[in-house]
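Undergrad: Chains as they are written, first to last, in the working numbering: chain A, 1 to 171; chain B, 172 to 442; chain C, 443 to 898.
A few of these clues could be false.
[As the list claims (entries may be wrong)] Where chain A lies over chain C, by a calculated footprint (3+ residues, C-beta under 8 Å): (1) 467-479; (2) 554-567.
[Said to hold, decoys possible] A few chain C residues that don't get close to chain A, going by computed Cβ distances all over 12 Å: (3) L514; (4) D580; (5) L674; (6) N876.
[Unchecked claim] Quick partial rundown of chain C residues pointing at chain A, CB under 10 Å, derived from the structure: (7) T460; (8) K678; (9) G685; (10) F688.
Everything labelled a hint here was simulated from the structure, so no lab data went into it. C-beta atoms are modelled at their ideal positions from N, C-alpha and C, and glycine is treated no differently.
Residue-level listing of the chains:
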Amino acid sequence: MNLTVNGVAREVESPPLTPLLHVLREELGITGPKAGCLQGGCGACTVLVDGEPRRACLLPLAYAEGAEITTVEGLGTPERLAPIQQAFIHHYAAQCGFCTSGMLLAAQAYLARGGSDDPEEIQEALAGHVCRCTGYAKIIDAVAAAARGDSFDLTTTAVGKYTTVTTGGRA
Amino acid sequence: MAVATDEATEARAAEVLRPTSEEEAVAAFGDGADVLVVGGGTIVVPDLTARRLRPRRVLLLREAGLAGVRRDGSRVTIGAATSLQELVDLPAPLGPCAANIADLEIRSAATVGGNLCAGEGLEAPRGDLQGAFLALGAVVRSAGEGGIVEEPLEDFLPRRRRRLALDVSFEEPAAGAFAALDRPHTHDYTALAVSGARAADGTIRLAATGAGSYGVRLRSAEAIAGDPEAAGEAALRDVDPHDDALASAWYRRRVLPVLVRKVLAQLKEAA
Amino acid sequence: MKVVGARIPRYDGVAHVTGRTTYVDDVRVPGTLWAKALRSPHHHAGIVRLDTRPAEEMKGVHAVITHKDVPLNVYGHLEALGIPADEPLLAEDDVRYKGQPIALVAAEDEELAAEAVERIEIEFEERPALLDVRKAFDPDAPRIHQWGNWYPHFEGGMDRRQIRKGDIDWAFAHADVIVQGVYRPAAVEHCPLETQVCQVVPEPNGRLTIYSCTQALYFSMGVVAAHLQVPLNRLKFVGGTTGGGFGGKVDTATETMTALLALKSGRPVKWRWTREEEFLCSSTRAPWHMEIADAVTKDGWILGRKMLTLHDAGAYARFSPYGVTKHSFHHTGAYTIPNLHFDGYVVFTNRVPTTAMRGYGVTSVSFAVETHMSRVAAVLGIDPFELRLKNANRIGDTSPNGVVYTDPSTVPTIQAIAEAIGHELPAAYRTMTNEPRSGEWLPEHLVAQLGTPEEH
Numbered sequence: 001m002n003l004t005v006n007g008v009a010r011e012v013e014s015p016p017l018t019p020l021l022h023v024l025r026e027e028l029g030i031t032g033p034k035a036g037c038l039q040g041g042c043g044a045c046t047v048l049v050d051g052e053p054r055r056a057c058l059l060p061l062a063y064a065e066g067a068e069i070t071t072v073e074g075l076g077t078p079e080r081l082a083p084i085q086q087a088f089i090h091h092y093a094a095q096c097g098f099c100t101s102g103m104l105l106a107a108q109a110y111l112a113r114g115g116s117d118d119p120e121e122i123q124e125a126l127a128g129h130v131c132r133c134t135g136y137a138k139i140i141d142a143v144a145a146a147a148r149g150d151s152f153d154l155t156t157t158a159v160g161k162y163t164t165v166t167t168g169g170r171a
Numbered sequence: 172m173a174v175a176t177d178e179a180t181e182a183r184a185a186e187v188l189r190p191t192s193e194e195e196a197v198a199a200f201g202d203g204a205d206v207l208v209v210g211g212g213t214i215v216v217p218d219l220t221a222r223r224l225r226p227r228r229v230l231l232l233r234e235a236g237l238a239g240v241r242r243d244g245s246r247v248t249i250g251a252a253t254s255l256q257e258l259v260d261l262p263a264p265l266g267p268c269a270a271n272i273a274d275l276e277i278r279s280a281a282t283v284g285g286n287l288c289a290g291e292g293l294e295a296p297r298g299d300l301q302g303a304f305l306a307l308g309a310v311v312r313s314a315g316e317g318g319i320v321e322e323p324l325e326d327f328l329p330r331r332r333r334r335l336a337l338d339v340s341f342e343e344p345a346a347g348a349f350a351a352l353d354r355p356h357t358h359d360y361t362a363l364a365v366s367g368a369r370a371a372d373g374t375i376r377l378a379a380t381g382a383g384s385y386g387v388r389l390r391s392a393e394a395i396a397g398d399p400e401a402a403g404e405a406a407l408r409d410v411d412p413h414d415d416a417l418a419s420a421w422y423r424r425r426v427l428p429v430l431v432r433k434v435l436a437q438l439k440e441a442a
Numbered sequence: 443m444k445v446v447g448a449r450i451p452r453y454d455g456v457a458h459v460t461g462r463t464t465y466v467d468d469v470r471v472p473g474t475l476w477a478k479a480l481r482s483p484h485h486h487a488g489i490v491r492l493d494t495r496p497a498e499e500m501k502g503v504h505a506v507i508t509h510k511d512v513p514l515n516v517y518g519h520l521e522a523l524g525i526p527a528d529e530p531l532l533a534e535d536d537v538r539y540k541g542q543p544i545a546l547v548a549a550e551d552e553e554l555a556a557e558a559v560e561r562i563e564i565e566f567e568e569r570p571a572l573l574d575v576r577k578a579f580d581p582d583a584p585r586i587h588q589w590g591n592w593y594p595h596f597e598g599g600m601d602r603r604q605i606r607k608g609d610i611d612w613a614f615a616h617a618d619v620i621v622q623g624v625y626r627p628a629a630v631e632h633c634p635l636e637t638q639v640c641q642v643v644p645e646p647n648g649r650l651t652i653y654s655c656t657q658a659l660y661f662s663m664g665v666v667a668a669h670l671q672v673p674l675n676r677l678k679f680v681g682g683t684t685g686g687g688f689g690g691k692v693d694t695a696t697e698t699m700t701a702l703l704a705l706k707s708g709r710p711v712k713w714r715w716t717r718e719e720e721f722l723c724s725s726t727r728a729p730w731h732m733e734i735a736d737a738v739t740k741d742g743w744i745l746g747r748k749m750l751t752l753h754d755a756g757a758y759a760r761f762s763p764y765g766v767t768k769h770s771f772h773h774t775g776a777y778t779i780p781n782l783h784f785d786g787y788v789v790f791t792n793r794v795p796t797t798a799m800r801g802y803g804v805t806s807v808s809f810a811v812e813t814h815m816s817r818v819a820a821v822l823g824i825d826p827f828e829l830r831l832k833n834a835n836r837i838g839d840t841s842p843n844g845v846v847y848t849d850p851s852t853v854p855t856i857q858a859i860a861e862a863i864g865h866e867l868p869a870a871y872r873t874m875t876n877e878p879r880s881g882e883w884l885p886e887h888l889v890a891q892l893g894t895p896e897e898h
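This is chain A alone, in the form it adopts within the complex (with noise of 0.2 Å):
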């Protein structure tokens, strides 16, 4: 079966039924979507389809042929990081980060639909998500802020400069 995962041309040949989530973390390797649950109920395992945020883990492999695929190891990386995972560091959004991947590819299509800084909105669209040890404000704060295309500086450290470059924008 084929399908792009990150741009990607795959061919998996895992069954139909597999779960994707299974077939992106065990026969291709890719570890960003996490299994928190299995039931859908927890959001740690969301991907984009075709730009569409779904549960990997509830989605057969037959129901993505041919789909585009985006995971969290798509959306950006240290060295170019996108808007939203800038906003993400800048707001402490993510403590132990299991559930940041899936939270980032939510708060990623609500921001390409043209979603606003507002919280209640913001809240809908990540309702899928649970998060275990935030209590979530800073991440809305930090989807409030990329949605407003808020500019961070994130080269400071108390070690020296990160070479993260820093851009705005809501692309």
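Guided by the hints, dock chains B and C onto chain A, whose structure is given.
TA: Chains B and C alone, transformed into the frame defined by chain A:
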């Protein structure tokens, strides 16, 4: 690396059927014995993953062209593979009922057919949409033993597990209403909800989800819909709520009359 | 001091947001087998027969372990703190909580491992279960632990954590009112997004590399070494990256069993709990039953406190005696009460053994104490802020366990809260400090408790 290719695993793997038309889906379903239907997968895939379900044959329904909301005058027909998210902007009761289910990602995958045909879950009733469609006086077209039939949802529900729902249709009501226990968390099933609709001829239909093992008409309440207080109390005669993971039967009994009154008030206001 | 007051990005921030943080389940080792556990379906039962051969004989199954495979099956994690061992790593003759692990299987994939578990033959003889801590003391309660139904090994062979201070009878005789309350917080799940998980790799040099989600790397290393009866240098723990723990990943719940499977099979092994296992079988914050009776004067002095705590430890002691001890030290909260009568029991029930969770032992008593203070204020008709300030810890006051307070912050904290919410305090309370008691804040009954511990 963890790809299932060895003998034992092949033997364990189910036969997967991927019909690309209604005709193929109906043929693949046959009489429904020994075949598991997967709509969006939101209910069934966790059971497959946990090995609670070990079917020999699996029918993937989403590629059979059964999705979409069609209008023919005042008659609305919704394909069984339509996602719940596509219903969210429809008028009450269907719109708010769908919007109250889970979250965007689940709604975008879950299907109307899967929701209507859901069995009892681990200690909680499912089928959030059943109440809304009952209030709309919906009719279900389904396949299975005896061929394709069209029947009122009320008659379909007791035998839903042996049927392949193809579409559900209803006459657009003059007014609709919906009231639910606020969902405690995104992915929970509806703990308790009441749907109402007033047909063009003034008839009022009321139905509840979460007050029994599947959706039920509140006929006792309908009979005295003009008196919301009494109707709310009367509705208790039509239901059989259980304790489950979402709420206790006691709590459901306390809240049901409140939801009935709210729905009747909404219908009156929409006059 | 470059970081204090500075805005510093998390050092793992970039890794988290780019999906590069490597959690245990992300570690990839070729040839890794999947582990699954056979768990007790009963709250309390004897194991009559256990036959793992049907699982061992399955193609693709590389190891099955039971208690027989554990060099030291019963090891107390806090033996160094004087808590004797009572809990088997894998069940021996009986099971004492639903979900207790009995055997584990390592197989080529998860499906196979699950099937192998189902093929293990086991027969139980069900026994009556004890599920209510209050019933543990009934003469006809089922006996569910070799030590009896509550922990008997506090110092001096005491069967409870006991604190006696001053003269409680005097306090109760001189009170105007006795205010009672019962507080019963329920169990709480840690529910981290990452379930319990472990990956073990047997190395060619005879060591084991253990990828662990533990919150306490060196502690868990000690536990595994003790169960395996190997020196510490046989183990290499890799960890420090946890997908949420909150106290629930101190129990070393997976490492030893996964290591045993790796040793027996000679292959790398991973054991990842399902979300169902996490909810049903992982340890929780304990439920508590707390009864408080305060002897109070009508002008709001708390002369004495009697308290009884029943801590629901679940089936085994684990860290519970330590939790109850911390709990006992805080049973007066942020307030000074000179006459105390506290008894705290670690009670066994046929439930999953309870464990630490943020503020272990103390959050329960804080909840009870603060709720009770509000109740006392309501009964007396006194402003709840004033009641608290009157009895608040001050420099020179002593704690239940004899610690002298050198700079307690109760007074300024409560004043700050009052100001923040616009609650007007009378002048005397607004100007109160935490300086040693004097004048109207030093009633007769508090004179004796001031001073250094040697004078007590």
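Undergrad: Give a verdict on every hint.
TA: Each hint tested on the structure:
no.	hint	result
1	467-479	holds (count 3)
2	554-567	violated (count 0)
3	L514	holds, 32 Å
4	D580	holds, 38 Å
5	L674	holds, 27 Å
6	N876	holds, 31 Å
7	T460	holds, 6 Å
8	K678	violated, 22 Å
9	G685	holds, 3 Å
10	F688	holds, 7 Å
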